[in-house]
Amino acid sequence: MLSSIFKTDSSSSSIDPAYGTNNWFQEENWDFTKAESIPNSAIVEAVGIHWNFPQNNRLDFSNIYATLFNRNGNGEWLDSGILNYSFRGEPIKQLWTTSFLVTQPLQALSYIQPTLTMTWFDPESLQSGTIEVASNKKQHYSEGKGLNNKKLKERREHPLKIDSKHPIQNVGPNYYNPLATKWCEENSNPTLLEQIDEFVKSDSSIILDAKPIELVNINENSITILKGISYALGNINGKPLQALLMEGGGIESNFRPKIFKGPNFGEQVTPEQINSLKIKLSYSKEEHNEAQRRTSVFSVLYDLANGKVTTDYFNQSQYSQHFEEFAVNIGLDLSIPFLLNGKQFEFNNGAFYPKPK
-12 MLSSIFKTDS SSSSIDPAYG TNNWFQEENW DFTKAESIPN SAIVEAVGIH
38 WNFPQNNRLD FSNIYATLFN RNGNGEWLDS GILNYSFRGE PIKQLWTTSF
88 LVTQPLQALS YIQPTLTMTW FDPESLQSGT IEVASNKKQH YSEGKGLNNK
138 KLKERREHPL KIDSKHPIQN VGPNYYNPLA TKWCEENSNP TLLEQIDEFV
188 KSDSSIILDA KPIELVNINE NSITILKGIS YALGNINGKP LQALLMEGGG
238 IESNFRPKIF KGPNFGEQVT PEQINSLKIK LSYSKEEHNE AQRRTSVFSV
288 LYDLANGKVT TDYFNQSQYS QHFEEFAVNI GLDLSIPFLL NGKQFEFNNG
338 AFYPKPK
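Residue numbers for the sequence shown follow this note's numbering, beginning at -12 and rising by one.
These aren't lab readings, by the way, just hints derived from the structure by calculation. As the structure is a computational prediction, the values presented were derived from the model and not from experiment. Glycine included, C-beta positions come from ideal geometry on N, C-alpha and C. You may find that some hints are simply not true.
[Stated by the list, open to error] Cut-off 35 Å, straight-line C-alpha distance, at most; resulting in silico cross-link-like pairs (DSBU-like, lysine-lysine): (1) K295 with K272; (2) K80 with K330; (3) K226 with K295; (4) K330 with K295; (5) K214 with K272; (6) K21 with K214; (7) K198 with K342; (8) K80 with K265; (9) K214 with K80; (10) K198 with K21; (11) K265 with K330.
[Said to hold, decoys possible] Here are the in silico distance ranges between beta carbons for each label pair: (12) S24 with G318: 34 to 44 Å; (13) N206 with E312: 37 to 47 Å; (14) I200 with N293: 12 to 22 Å; (15) K295 with I200: 20 to 30 Å; (16) T297 with P227: 28 to 38 Å; (17) F48 with G329: 18 to 28 Å; (18) K342 with I200: 35 to 45 Å.
Start from the sequences and build out the full structure, keeping to the hints where you can.
This is the structure:
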């Protein structure tokens, strides 16, 4: 596996300000478009983020929330040090953005210093690798900076309430994403408009808990996967998991709905972003890990069915280790041949094989 280490430009500003509790930190941009060691056709496999912060105040992992956004403003809440597969299939060579949210008022100046890691795969050259971006910036946090006293008083009297016990249905049926919709209306780039419009529709579908399609046709022992359609991927601790593949790459899941952050975005966190965070926090770490395993297998099965990856790639990857359990959860019978988007396969001794005609 190839490995590349990139560092941000040392001439960039050393201070990224934040503007009080429940406001976004100033974003950090990670430009991979000029990473010469990565093929232009390479796609994301998994992403991870971890960060450092001083231990001399109340800043800790329980009140810091990290996000990653692609070039279109399509993003997701991430966990520190845990690989996330929700961006799988997106082009890695683009401008990525991270930002942090702090939900606990602090008494002193503080900072967060992030590191971004991405694993990638190129379906054309069959190369793969890892890129780690170590920021030289310290994203500083100062309670109340940039806020007048009245606003600061309001923030302290009405702090953000995040209840990790809230189930999905308590988020409410009136979900909409005005920021994404507004950006769709104002943006004149047809390709971006289509991608963002797709994001709004898929995100709303996931949030509103639209009834998903069963992934397996039991009578035919077949799987059909189309992009933009929400599929049922079984239950995790009795909680139904559903996911869809987006046209521009990436996976949308009801365990971790995506969020939108358009250009010139203000620092105040939005109700839609908080709803997404509430949903994420309503599941345990173990449940999220299982959801990540299933949705990543779901994504690579689509690539396998459409010739973007080979059975050799699948069999040598981690996905083959999780496929048998995945099949049990969706009701696929591996004791006999099965269809994947019309192509016949067998799964024997932990490996995928095309069934000879």
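Going through the hints against the structure:
1. K295 with K272: 31 Å, holds
2. K80 with K330: 31 Å, holds
3. K226 with K295: 31 Å, holds
4. K330 with K295: Since the Cα atoms of K330 and K295 sit roughly 14 Å apart, the hinted pair holds (cutoff 35 Å).
5. K214 with K272: Judged against 35 Å, a Cα distance of about 27 Å means the pair holds.
6. K21 with K214: 29 Å, holds
7. K198 with K342: OK: K198 and K342 at ~33 Å, within 35 Å.
8. K80 with K265: 31 Å, holds
9. K214 with K80: 22 Å, holds
10. K198 with K21: Violated, because 42 Å separates the two Cα atoms, which is more than 35 Å.
11. K265 with K330: 40 Å, violated
12. S24 with G318: 34 to 44 Å: 42 Å, holds
13. N206 with E312: 37 to 47 Å: Distance hint for N206, E312 is violated at roughly 23 Å.
14. I200 with N293: 12 to 22 Å: Since the Cβ atoms of I200 and N293 sit about 18 Å apart, the hinted range of 12 to 22 Å holds.
15. K295 with I200: 20 to 30 Å: 22 Å, holds
16. T297 with P227: 28 to 38 Å: With Cβ atoms ~32 Å apart, the hint holds.
17. F48 with G329: 18 to 28 Å: With a Cβ separation near 46 Å, F48 and G329 fall outside 18 to 28 Å, so the hint is violated.
18. K342 with I200: 35 to 45 Å: Violated, at about 25 Å.
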